[in-house]
Amino acid sequence: MTGVVRGAAIVLFVMLAAAPVAAQLYGNAYLLALATRAAILALAAVSLQGVVGLAGLPSLGHAAFLGIGAYVLLILATAGYGEAALSLPAAMLAAAAFAWPTGWLALRTRGVTFLMITLAFGQMAYFVAESLAAYGGDDGMPLDPAPHLFGTDLLGRATVFHALVLVLLALAVLTAHGVGGSRYGRVLLAARASSERAAAFGFNVARVRLLAYVIGGAIGGLAGWLLAIANGFVSPALLDWRVAGELLVMVILGGVALPEGAAVGAVLLVVAEEALSVATEHGRIAIGAALLGVALLRRARQAA
Amino acid sequence: MPLGLLLVQALNGLELGVLLFLIAAGLTLVFGVMDVVNLAHGVQYMLGAYLAVAAATWTGSFWLGVAVAALACLVLGALLERLVFRFLVGADHLEQVLATFGLILLGEEGVKLVWGPAPLSLAMPAALAGTIPLYGGLHYPVYRLGLLGAGLAVAALLALVIGRTRTGMRLRAGATNAAMLEALGVNVERLFALVLAAGAMLAGFAGAVAAPVVAVDPGMGGPVLILAFVVIVLGGTGSIGGSFLAALLVGLTDTLGRGVLDAVLDAVLPPSAAHMAGPALASMLIYLLMAGVLAFRPGGLMPARSRT
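Sequence order for the protein chains is B and P.
So in our numbering, the last spot in the first sequence is 304, and the numbers never skip.
So in our numbering, the last spot in the second sequence is 1308, and the numbers never skip.
These are calculated hints, taken from the structure and not from any lab test.
Hints may contain errors.
Simulated DEER-style distance windows between Cβ atoms [as the list claims (entries may be wrong)]:
id	chain 1	residue 1	chain 2	residue 2	range
1	B	Glu273	P	Pro1119	33 to 43 Å
2	P	Arg1086	B	His177	32 to 42 Å
3	B	Ala29	P	Pro1270	11 to 21 Å
4	B	Pro145	P	Leu1007	44 to 54 Å
5	P	Val1213	B	Arg183	16 to 26 Å
6	P	Gly1130	B	Ala29	52 to 62 Å
7	P	Trp1058	B	His282	19 to 29 Å
8	B	Glu273	P	Pro1002	49 to 59 Å
9	B	Asp144	P	Val1214	34 to 44 Å
10	P	Met1169	B	Leu174	51 to 61 Å
Looking from chain B toward chain P, a few residues come up when the C-beta cut is under 8 Å (computed) [to be verified]:
id	residue
11	Thr109
12	Gly111
13	Val112
14	Ile117
15	Val128
16	Leu154
17	Leu155
18	Val249
19	Arg284
20	Ile287
Predicted model only: the values in this text are computed from it and were never measured.
Don't be surprised by glycine CBs; every beta carbon is placed ideally from N, CA and C.
Could you build the full structure based on these sequences and the hints that come with them?
Structure follows, in structure tokens:
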């Protein structure tokens, strides 16, 4: 299974990397935009995989971090601070600052209750974004002027931006593997297997888990920052609970255990939704049926 | 805030509270007894509203519409138990998330396919269409009072069933320790099927009676589901009494808190700042309430589950 996921990840990454060429060849800029969006969501899914797969925390509030990253960029850019070297760390820090207290509270419970609480805090962030009348309220507003990187317009060039996203995605997957194999990752896995046992060994389980949640949140903020640039627009829709649900579904589809699995799940879901939306207005029915089918099939295989 | 307005807000809050209770009741039992997380429970609420609109339009009677919607949701709940939920018992929570998220997409998109994406509305029954005078020259819609009464009546009935019948006793036992209940020879699977179908009916009923006072659209189940989760977390998983208390608390905090908060902010902040902070803070209130309870009582106000 691991080999299949890894192979799929490599194939899909090469396809994403070839997207600028394909877009040039077919004269279809939309192809590149789609590939960039898929790669950004893959990055978001990888950041969630660390929380769900490594730390064992089923979070249904990850869209909040994307939204916070996007809104921080919007607010800074609107105020005239469009420099990426400033807004990028600010976006990640703000997402981490939200993850810290909400994660601390949610970690007082576990399992499904953790899921419900993260969902609730995600909804809270959604309502706050909706109430920001100065930033378009319900409708959101365009990112104007576009952010610049060290004074250059490199971020505005689709190919350069796409390359940056792919580099960040690859870095995130490699880092996730690095963390997974490190001492810290082993502690997380030990706590996932049995939190009592890990605690008996002298580890502060709540603290190591909170750190994982905060790091996941910060990288989620990075993904949101990228998504805001890719869309050129920021709105509360980014914080909708369905986005959080889809991110979690991407991680689960990818088998939970591997970072690159989450990325594969993300790219497949984004491409499937896009392909279906071209064919029919009601493609989400097919997606829903497929998700249900996958879950029941996996269950049947477990039983057999 | 004038007393009359306070009364209106309190009634609105109680009304939201009983609706949330009807939705949370089934959800908390399904989760408490069988450890199954059902994200698609909000879809039942949404379907209840749509079916009520369709049946009321077709038959010309609001009351028939509500009855048909509740019954249809009961049947649908039983059917889904057979086809889906039965296989999710004992599964990893993430697989349950995957399956029930799939159900949400199916339900919401299916409704769009049949009724279109535009919101529908349902006329109130003529008998309850008027308003009655309240304190201070304010008027309150009779229908909303009826909704509150109906919700309280169903809650009382539910309390009776759970507190005074054999099935109710098993449910309480199941929420406390399902494995022990099974070991004592109770058919927990059948109990689960019953809870799932009844919970679907309650949520459908809530959607049906709420249809005249809310916009009936495909996405209406999501926000309500999240509020029901807040209620469950606050009340303590598997606890019907805790859910009732928490539902009223959430309803009152959301409506009453907004009014009180506006008054307080107006008093302490300059108008422009109060205007900015008010809406943001008001929408955070129930989540802050949840955070406060979690900080001191992580198991909720009235936890049902035994420590194992």
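Status of the hints after comparison with the structure:
1. B/Glu273 <-> P/Pro1119: 33 to 43 Å: Given about 24 Å between the Cβ atoms, the range is violated.
2. P/Arg1086 <-> B/His177: 32 to 42 Å: 38 Å, holds
3. B/Ala29 <-> P/Pro1270: 11 to 21 Å: Hint violated: Cβ distance 48 Å, outside 11 to 21 Å.
4. B/Pro145 <-> P/Leu1007: 44 to 54 Å: Between B/Pro145 and P/Leu1007, where Cβ atoms are some 51 Å apart, the hint holds.
5. P/Val1213 <-> B/Arg183: 16 to 26 Å: 57 Å Cβ-Cβ, so the 16 to 26 Å window is violated.
6. P/Gly1130 <-> B/Ala29: 52 to 62 Å: Given a distance of about 59 Å, which is inside 52 to 62 Å, the answer is holds.
7. P/Trp1058 <-> B/His282: 19 to 29 Å: 24 Å, holds
8. B/Glu273 <-> P/Pro1002: 49 to 59 Å: Hint holds: Cβ distance 51 Å, inside 49 to 59 Å.
9. B/Asp144 <-> P/Val1214: 34 to 44 Å: For B/Asp144 and P/Val1214 the Cβ distance comes to about 36 Å; the hint holds.
10. P/Met1169 <-> B/Leu174: 51 to 61 Å: Holds, at about 56 Å.
11. Thr109: 5 Å, holds
12. Gly111: 6 Å, holds
13. Val112: Holds: closest Cβ of chain P sits about 5 Å from B/Val112, inside 8 Å.
14. Ile117: 6 Å, holds
15. Val128: At 5 Å from the nearest chain P Cβ, B/Val128 passes the 8 Å test, so the hint holds.
16. Leu154: 35 Å, violated
17. Leu155: Not OK, violated: B/Leu155 not within 8 Å of chain P, min 30 Å.
18. Val249: Since the shortest Cβ distance to chain P is 6 Å, the answer is holds.
19. Arg284: 4 Å, holds
20. Ile287: 6 Å, holds
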